[in-house]
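Visitor: Each chain, written out:
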Amino acid sequence: MPDNIPSTSPTRRLEHYVAPLEETPLEEIDSLKTDGKPSNLWIDAWHDVRRRPMFWISAALILLVVIVALFPTWFTQVPPNSDCQLSNSNGAPSAEHPLGFTRQGCDVFSRIVHGAGTSLSVGIIVTLLVFTLGVLFGSFAGYYGGWIDSVLSRFGDIFFSIPYILAAVVIMSVLANYRNVWVISLAIGLFAWPATARVLRSEILRVKNADFVTAATAIGLSRFRILWSHVVPNSIAPVIVITTISLASAIVAEATLSFLGVGLPSTFMSWGNDIAQAQTTLRTAPQVLVYPSIALSLTVFSFIMLGEVVRDALDPKARAQR
Amino acid sequence: MLWYTGKRLLQVIPVLLGATFLIYFMVFAMPGDPIAALYGDRPPAPGVIEQIREQYHLNDPLIVQYFYYLAGIFQGDFGVSYSGQPVNEILARTFPVTIRLALLAIFFEMVAGIVIGLVSGLRKGGIFDATGLGASLVIISLPIFVVGFAAQYFLGIQLGWFRPTVSSGAPIQDLILPALVLATVGFAQIVRLTRSSVIETSGLDFVRTASSKGLTRRRVVPVHILRNSLIPVVTYLGTDFGVLLVGATVTEGIFNVPGVGRTLYQAVLRGEGPTVVSFVTIMVLMYLIVNLLIDLLYAVLDPRIRYA
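Chains A and B, in that order, are what the protein sequence lines are.
Residue 244 in the working numbering sits at position 244 of the first sequence, and the numbers go up by one each step.
Heads up: take any position in the second sequence, counting from 1, add 1000, and you land on the working numbering.
There is no bait here: all hints are sound.
Residues from chain B that keep clear of chain A, each with C-beta distances beyond 10 Å, as calculated: (1) ILE1073; (2) THR1216; (3) PRO1232.
Partner residues are not named here, just some residues of chain A that face chain B (Cβ under 10 Å, in silico): (4) ASP157; (5) ILE165; (6) LEU166; (7) ILE171; (8) ALA248; (9) PHE259; (10) ARG283; (11) SER297; (12) PHE303; (13) ILE304; (14) MET305.
In short, the hints are calculated from the structure, not lab data.
Idealized CB from N, CA, C, for every residue including glycine.
Assemble the whole structure, with the sequences as input and the hints as a guide.
Guide: Structure below.
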């Protein structure tokens, strides 16, 4: 045996010190805990998430917005639209009207409280739409591959090539006489799903050759069944993350469209509308613009923060960078 | 590279056709008669209607109409705006302004985003990093029109550091404030992207090798870490351009910048459907072209892409 092989040279052997078996806790390392509860990605994520103050702050803020949206009359007795008097235009705050009046003489606080429902419903409808379309397109494209993938992916590329707010601007200006919460949600969601589909598709490409999929095939499950009960649940984590964030983006999109004047009609309570209307009196009555802006930003912030926490919990790479 | 360029160009064609068809379809297959919309309450004589229908090919099937429209686009004809001005002329006037604004915004967000992202990534977990992460989260949450009004009110009106609205001709010093506002969204994303990319690259073997062979930190950071961390940032620019286009519509509206965005903004406000469609089409074409260029640039920077 030639003596230049490192492992046989006596000087090298010192560097490769191997501890005696009885000194190593190998047994401890190799043994499996069988008495503990089984764990999975979601349980681990929950354990991670609940230790973080950011999670509780965002959850509390979101809960507050949800309660305000569901029960606006708990917070204000002033009607947001019907009780407006022009003599109060841009009026100063008082005990009954804590944030003052808009240019039309409506109560700012009441409009903000009643606007929460609009923002939240648009956010939820768009998110459901984006999630459904994204999961359908992404899972079929990723799992079946071949020509199905080509057709679905190219179809998604077309929708992806139009920034969704611009597309919504077109749809909303065409449907000028049909503006309501459903139409605006559809206009936003129709072009916002390809990002979700792309994420799921690439995740499924990674998962679909895993051993448990082969095992499921071996025991004779149908391909469709494997897709929905094994592949999708194991690739959904990144989709959950961008879904949380897309809720925030949808709320911003609604406000932006309303701000541009192609969103909801002014009879709807919408923070974007209020900001657009307060814009004309920015120099003389900036406070009218400030409060809806704060409400909007804080709501968006809480969803973005939640998305961030969820990402850290579900993506080990993101967790390592914390 | 030539082969890759050709392949990428071929891929863009169906997307281009699909996107323009989609926009066309959304507008012209929707309820409402365009001629009725043109005349309002007093309908013109039936002969006039027929003449207009013939002139704008409205009697042909949708797909034929679409090809007339597409042929117009390829000849550089985007139609006529409501005021009777060809869209081309408006474009020639407004396009350079928007390009100036967008380039200024990209410059601001790239410089600030990469510097802050790099420092955060190198000092992971430190106070600077924590502040930067928190601040970028807040900035991402602020809708662009909120940032725009805040900047206009505080920096423009209250402090008087900048002109609150842009004067005619849009000189570069007037564009600084709108560009800063426009840069905020991309800035926060670039900070986060650069940071995570720097952290990832710093842990790679070639960086350790570089350090262990005795290279100074001043050489390792810019040459080994930063250069390799910038590839995802370049890719992000493609997505960012879409954000910039939407942002420019809002920012140019707020600051009265005479660009493509403001034209779209005003057309939307006045309900000028056809003008809106022309300008959205132009923006989508710009978006597709910029993304194509970025993909090609990406292939130049990273040879692996070409052979994938």
